[in-house]
Amino acid sequence: MKVLERYEPLIDDIDAFYAACQRPLPSVVRVNSIKATIEQAKTALDAEGIAYEQADWNKAVLVFPDEQPGANWPYVHGWIHGQEEVSAIPAMVLDPNPGNRVWDACAAPGSKTTQLAAMMEDTGIVVATDNNLGRLSSLRSNTERLGVTNVAVTNEDARNHSLKPFDGELYDHALVDVPCSCEGTVRKNPDVLEEWTYEHVESIVGVQKGILRRAIQTTRPGGTVVYSTCTFAPEENEEVLTYALENEPCKLVPFEIPLESKQGVTEWNGEEYDPAVKHAKRIYPHHNDTGGFFCAKLVVADP
Amino acid sequence: MTEKEENVGSRFDRLPETDAERAVAGRATRQEVLEWWDERFGIEPTVFDEYTFWERGAGKIWVFYGDVPSPSPVEGLGMTALRTRQEHWKPTLEAIQRFGHHATKNQIQLSRSEASTFLAGHDQDLDWDGDWGYLIVTHEIAGADEPIGVALYVYGELRSMVPKGRQREL
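Going down the list, the sequences are from chains G and W.
For reference, each letter of the first sequence is one residue, going 0 to 302 in numbering that gives the first Met the number 0.
For reference, each letter of the second sequence is one residue, going 0 to 169 in numbering that gives the first Met the number 0.
One or more hints might be untrue.
Now the stretches of chain W that chain G is said to cover, found in silico as 3 or more residues with beta-carbon under 8 Å [stated by the list, open to error]: (1) 28–36; (2) 138–151.
One-sided excerpt, in silico: chain G residues whose CB lies under 7 Å from chain W [as the list claims (entries may be wrong)]: (3) Tyr17; (4) Ala18; (5) Cys20; (6) Gln21; (7) Gln39; (8) Thr42; (9) Ala43; (10) Arg134; (11) Gly146; (12) Thr148; (13) Asp156; (14) Asn159; (15) His160; (16) Pro164; (17) Leu258; (18) Glu259.
Since the hints were made in silico from the structure, they are not lab data.
Where a beta carbon is used, it is the ideal one built from N, C-alpha and C, also for glycine.
Could you put the whole structure together from the sequences, leaning on the hints where they help?
What follows is the structure, encoded as structure tokens:
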């Protein structure tokens, strides 16, 4: 937990924060509306005697107090998909419509990709990019089990994403859920804190900036870009947003989410960020008993 | 008559509409694919109106919502739907789960215990009055009949075609 000490100045209730970080997270699934309704999934789970609780902030999110999500008939049919609660937030903020063109810049293993596809009723197109071929195979296996047909998968560095295979058409929306130092996943993977180094933070910030820039460049004016991470580090969050505001035609906009959150921080370790970063949301583990998360919404302006 | 081109296994090529437009030897056409779904399972061609079909890998046909320029260098377009370039075309479990509810024939409904045997990848002796060949396997869940996957019915035996990675002991 030592790594987390650097974030103490940002946190309202430090004891509750540490206590939450030490509790494991329950298994959570999202009902896949491409293949089943929420009612069908609940009926099938009831018939198998599997206990669940429906999240009050998203009816498609079911919390399993004592089961793993993979060993039952609804899973076999692709009716449900294991996905942590906060991981369902960025697609909700992006809020795509059927028929839209959407880029998922760091897509594997595909929880958010398949959620976007479902929100789009499996129409339009989701271009799902990842630079790691091994992780793409888990993405493909998830899209297939969940019955997704509107996804085109590309294997490339998102910073150099090419629109050529798609006739150069710009996107309506882009989801930029970047690789990060992941302290927010400590409840799922405690090792993440052992592996944390400041050098890694410094090196990954450049990648995050590059991917966010490319997402803004490939989204049409008026379109939206959602930036998200599972780190508390302002270097990887508000600093990256400030860089985008300075270098690309875009603005940060306010948005609502159905979970308790704190606004983005405008100062950190002597650095000052663009005042608009306060529109971003920080989700801490102790506020909603979830993982930690960061999410911001940008609107692309005319170049 | 022009020479036919070879299939390039590593890229996506959209299927030609008909025989007349076929440039690659042995490649299925969209028309043949639509006729096959209709003839084998009674799935009407209109079900696929909004979809395009692609070949990547020898005989592997993918179904994709919408369209992109062909050939495409991407790593995936929609889902794998069926295996062609063999005497009996074989649908994938994924396509059957996604489109199988449109079927009107060659479907076999199993009891829960038979469905579990099928899902675990085991063959079983079962009576079936219809055609031999690939069947859609269904069972009842949440009050309705739901496709699980594909079986091969021959000699009084229902052979599970559930791929290893999708097999489960339930």
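Evaluated hints:
By the rule of at least three residues with a Cβ nearer than 8 Å to a Cβ of chain G, the coverage given for the stretch 28–36 of chain W is violated, with 0 such residues. Counting residues of the stretch 138–151 of chain W whose beta carbon lies closer than 8 Å to any beta carbon of chain G gives 6, which reaches the threshold of three, so the coverage claim holds. Interface hint at G:Tyr17: violated, since its Cβ lies 38 Å from the closest Cβ of chain W, which is beyond the 7 Å cut-off. A least Cβ separation of about 37 Å between G:Ala18 and chain W goes past the 7 Å threshold, and the interface hint is therefore violated.
Below 7 Å, beta-carbon pairs count as interface contacts, and G:Cys20 has none with chain W, the closest being about 34 Å; its hint is therefore violated. Hint status for G:Gln21: violated, given a least beta-carbon distance of 33 Å to chain W, over 7 Å. Given hint, G:Gln39 at the interface with chain W, holds; its Cβ is 4 Å from that chain's nearest Cβ, closer than 7 Å. Taking 7 Å as the C-beta cut-off, the interface hint given for G:Thr42 holds, the closest approach to chain W being about 4 Å.
The closest approach between the C-beta of G:Ala43 and any C-beta of chain W is roughly 4 Å, which is under the 7 Å cut-off, so the hint is satisfied. Violation of the interface hint for G:Arg134 is found here, the shortest Cβ-Cβ separation to chain W being roughly 11 Å, above the 7 Å cut-off. A distance limit of 7 Å between C-beta atoms decides the matter here; for G:Gly146 the minimum to chain W is near 4 Å, and the interface restraint holds. Contact between G:Thr148 and chain W, as hinted, is supported at the beta carbon level, the nearest pair being about 4 Å apart and thus within 7 Å.
Using the Cβ-Cβ criterion of 7 Å, the hint placing G:Asp156 at the interface with chain W is not satisfied: the shortest such distance is roughly 14 Å. Proximity of G:Asn159 to chain W is violated relative to the hint, the smallest CB-CB distance being about 14 Å (cut-off 7 Å). Proximity of G:His160 to chain W is violated relative to the hint, the smallest CB-CB distance being about 12 Å (cut-off 7 Å). Annotation: interface hint on G:Pro164 holds; nearest CB of chain W at approximately 5 Å, less than 7 Å.
About 29 Å separates the beta-carbon of G:Leu258 from the nearest beta-carbon of chain W, more than 7 Å, and the hint is not met. Restraint check, G:Glu259 versus chain W: the minimum CB separation of about 34 Å is more than 7 Å; hint violated.
In terms of the numbered hints stated before, the structure departs from hints 1, 3, 4, 5, 6, 10, 13, 14, 15, 17, 18, listed from lowest to highest.
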